[in-house]
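Trainee: Please put together the full structure from these sequences, using the hints given.
There are 2 protein chains.
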Amino acid sequence: MQALDKNNNKPLYEQLYEHLRDDMLAGRIKKGEKLPSKRMLADQLQVSLITVENAYSQLIAEGYVRAVQRSGYFAQYSGDTAEPRVREPQNHFETQREETPQQQSASETLFPFSVWTRLMRSVILEQGMRLLQPVVSGGAYELREAVSGYLYRARGIFVPPERVIVGSGTEYLYNLLIQLLGRDKRYGVENPGFPKLPKIYALNNVRFEYISLDKSGMSSDELYEKRVDIAHISPAHHFPTGIVMPISRRCEILDWAEGSSERFVIEDDYDSEFRHSGKPVPTMFGSDGYERVIYVNTFSQTIAPSVRISYMCLSESLYRLWREKLGFYACSVPAFEQYTLARFISEGYFERHINRTKKRFRRVCELVTELISRYPNAEISEENAGLHFTVKAPENSEKMIDDCGKCGIKITHLDEYYADCSCCPADLFLVNYSNANEERIAELLSS
Amino acid sequence: MQALDKNNNKPLYEQLYEHLRDDMLAGRIKKGEKLPSKRMLADQLQVSLITVENAYSQLIAEGYVRAVQRSGYFAQYSGDTAEPRVREPQNHFETQREETPQQQSASETLFPFSVWTRLMRSVILEQGMRLLQPVVSGGAYELREAVSGYLYRARGIFVPPERVIVGSGTEYLYNLLIQLLGRDKRYGVENPGFPKLPKIYALNNVRFEYISLDKSGMSSDELYEKRVDIAHISPAHHFPTGIVMPISRRCEILDWAEGSSERFVIEDDYDSEFRHSGKPVPTMFGSDGYERVIYVNTFSQTIAPSVRISYMCLSESLYRLWREKLGFYACSVPAFEQYTLARFISEGYFERHINRTKKRFRRVCELVTELISRYPNAEISEENAGLHFTVKAPENSEKMIDDCGKCGIKITHLDEYYADCSCCPADLFLVNYSNANEERIAELLSS
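Order-wise, the sequence lines are chains W and B. Position one of the first sequence corresponds to residue 106 (my numbering), numbered consecutively onward. Position one of the second sequence corresponds to residue 106 (my numbering), numbered consecutively onward.
Be careful, since some hints might not be right.
Stated by the list, open to error - Pairs of lysine to any residue residues, derived as SDA-like cross-links and limited to a Cα-Cα distance of at most 20 angstroms, are as follows: (1) Lys139/B x His124/B; (2) Lys304/W x Lys430/B; (3) Lys304/B x Leu285/W.
To be verified - Which bits of chain B does chain W cover? Going by a derived footprint, with three or more residues having C-beta under 8 angstroms, they are: (4) 216-226; (5) 262-276; (6) 297-311; (7) 428-440.
Rather than coming from a laboratory, the hints here were simulated on the basis of the structure. In this text the structure is predicted, and so the values were computed from the model without any measurement. Ideal placement from N, C-alpha and C gives every residue a C-beta, glycine not left out.
Mentor: Next comes the structure, spelled out in structure tokens:
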């Protein structure tokens with residue numbers, strides 16, 4: 106292993122993560138090969154144990170490495186040496202940690218409302234009558250440029266501003282995507298998954314299939330079996346199961362998509378900003394060399410649901426098709442909101458807000474998992490992401506639900522997210538802590 | 106004829122209009138019957154000639170009366186005595202006059218921007234963190250209440266606020282309506298007409314038919330022949346021909362719609378605020394006793410295209426269906442814009458703005474028609490509505506287009522609005538004066 110460079114701007118754990126990842130991608134570490142123990146590697150590299158832990162955690166989160174209890178760490182993925190599937194992330198690595206709001210905007214209470222309203226007022230002054238002018242179909246250029254810059258910094262992907270298309274909410278964009286990709290296509294949605302998606306496909310009278318998940322996320326085998334054309338997935342953090350799709354499954358799904366020029370992947374990255382630890386999981390959009398992936402994200406989670414601004418990133422060819430087929434639509438977001446959000450992002454407030462929110466929710470998540478693990482036999486599946494996780498609670502679930510409810514933690518049965526609710530294990534629950542009250546949990550823990 | 110009441114709050118011309126209209130609806134004046142000449146009626150009623158002229162103009166605009174050159178005025182419509190089709194307008198009659206912006210927002214230059222921004226600032230202060238909260242699916246209640254009140258005052262229709270559904274632009278609402286009314290339906294669009302409509306229906310893969318227009322607007326015979334389920338029309342002022350649909354055709358279309366519970370009329374009233382003279386033409390929504398009409402309107406024309414707020418009014422039964430099928434969608438308009446617009450309407454600024462704009466455009470329209478009528482054989486069809494009219498110009502059209510272009514008057518051939526452009530008369534042009542420069546026209550007229 107090449108020595109880590111302590112004078113490099115990149116954190117050591119990230120350098121280590123990249124070395125190991127590149128070794129696996131290049132086939133220098135083979136699939137199934139055991140990695141050195143954390144302590145041994147720390148000694149060998151003369152770095153702290155925590156540096157190695159962080160690097161391993163990230164590799165586990167992204168599916169390169171598997172941890173086997175009492176056995177150690179094993180490479181799960183090995184690329185061929187020809188061409189690494191995963192492109193080098195192009196950004197300056199972010200040392201951000203994560204957290205997530207889900208459904209409700211949990212970040213709301215931390216939102217720098219006074220900054221936002223100050224920007225609103227200054228947009229009114231500066232833009233003047235320009236506020237009355239319509240913006241172009243894809244959205245105000247200022248906002249698309251700000252989003253492009255943010256994606257480069259935070260998600261390591263470079264999307265030219267014109268290929269960022271702004272719309273009033275992801276639901277609106279899904280409707281547009283059906284018009285863009287075609288109604289004759291067969292869409293595949295995650296089962297379990299967001300219940301709104303099948304509703305939107307059904308209202309559009311397009312054929313769609315429920316695709317089941319295994320522990321790595323959407324089954325790529327079923328995509329072939331059910332002859333799906335468009336796979337609609339959330340690989341960074343699946344709702345409600347919390348699965349982070351490992352690199353192996355991502356590759357399988359990209360392979361599937363490359364099998365036909367009619368196949369596409371809609372990557373819903375709604376939750377990526379709020380991973381609790383490690384760096385954000387890379388996007389599939391960024392590792393897609395064949396223009397098969399459409400990236401979709403929203404500001405409803407990260408700013409406020411009332412803002413109604415989402416965006417999608419298109420490949421060059423889909424962008425041309427969008428212009429031709431859908432470019433006549435007026436942009437559905439008011440100009441004023443676009444200018445305000447553009448300034449909020451480009452002046453750095455957005456990323457600062459994300460960081461504050463992540464810290465807060467990491468703390469809350471620790472409290473909530475501590476609380477829930479006190480119930481006998483409760484098995485928590487927490488993926489360091491999202492404002493939700495799942496718990497298997499065979500006993501005493503009523504008491505757990507009741508106690509947690511008093512602290513603002515919402516625990517619901519998972520069955521409402523299944524196409525057929527009888528497929529859901531009876532003892533599986535979704536824990537949503539976006540509105541959790543820290544003080545109450547702390548009281549309960551100390552009682 | 107019953108004497109007019111000079112102490113009544115209603116203007117005399119309106120009282121006269123209502124008397125004559127009611128006499129025709131009740132069958133007391135028969136279809137084809139000649140009305141007294143304007144001068145004779147003015148003498149008989151002891152009112153000014155202008156009062157009679159205004160009443161007759163309104164009756165002509167709404168299709169009750171036909172003017173035959175050098176012959177006089179004839180009743181065109183006669184109802185049966187049983188039940189008048191047109192309900193009594195429920196509002197306090199508006200003495201407003203009209204004008205229209207079309208495509209571009211011509212009202213923009215007159216828009217009270219400082220009032221708008223003052224309201225923006227006070228909404229920020231007053232609503233505070235509530236701005237971050239999502240509004241309900243149909244839109245903020247304040248706005249729906251304000252729109253309901255406006256429709257009552259200005260259009261004489263009563264729609265309970267909850268049945269006003271707010272969305273980000275009419276294009277968005279058309280997409281929703283297809284989901285609401287069904288994709289198995291056959292839609293009928295006006296030919297010529299707005300080119301965006303067939304595009305939206307095509308992108309939704311729903312069957313649609315081009316329905317031709319005669320001088321009264323969309324042919325009701327063709328609705329039967331082509332087995333249309335949903336007729337999409339703009340009866341108040343058709344674009345681009347400027348036709349105001351007369352009462353007889355409105356009744357034919359409502360009769361058609363009542364023939365099946367699957368038939369509906371989408372009434373696009375985009376242009377109704379800007380009639381130049383007379384009172385606004387009544388809505389079909391208001392005369393629909395069988396819940397067949399959906400009313401759609403937008404603030405893009407009257408405020409600014411950048412605001413992106415439109416709305417639709419649903420019948421009780423369609424509102425229930427909307428809640429059930431589409432109520433899961435998040436409202437697509439940011440909360441902030443909705444609160445601001447609600448105040449702009451409810452504090453009276455909106456209607457004052459409309460009135461100012463109408464006056465301005467009536468003046469501009471007079472100048473433009475005077476200018477164009479100077480070209481040999483130019484035949485203007487001006488319906489006292491809209492910011493556009495058509496002109497037949499067999500000769501010298503290049504010079505006319507060129508001269509007018511220098512004054513900001515845009516003259517284009519009408520063929521782009523036809524499904525088959527070869528159906529458009531070669532000498533028919535659309536005159537759009539929304540950006541006309543009054544001073545330049547005045548100069549040209551005096552030169």
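Trainee: Quick check: which numbered hints come out false for this structure?
Mentor: The structure breaks none of the hints.
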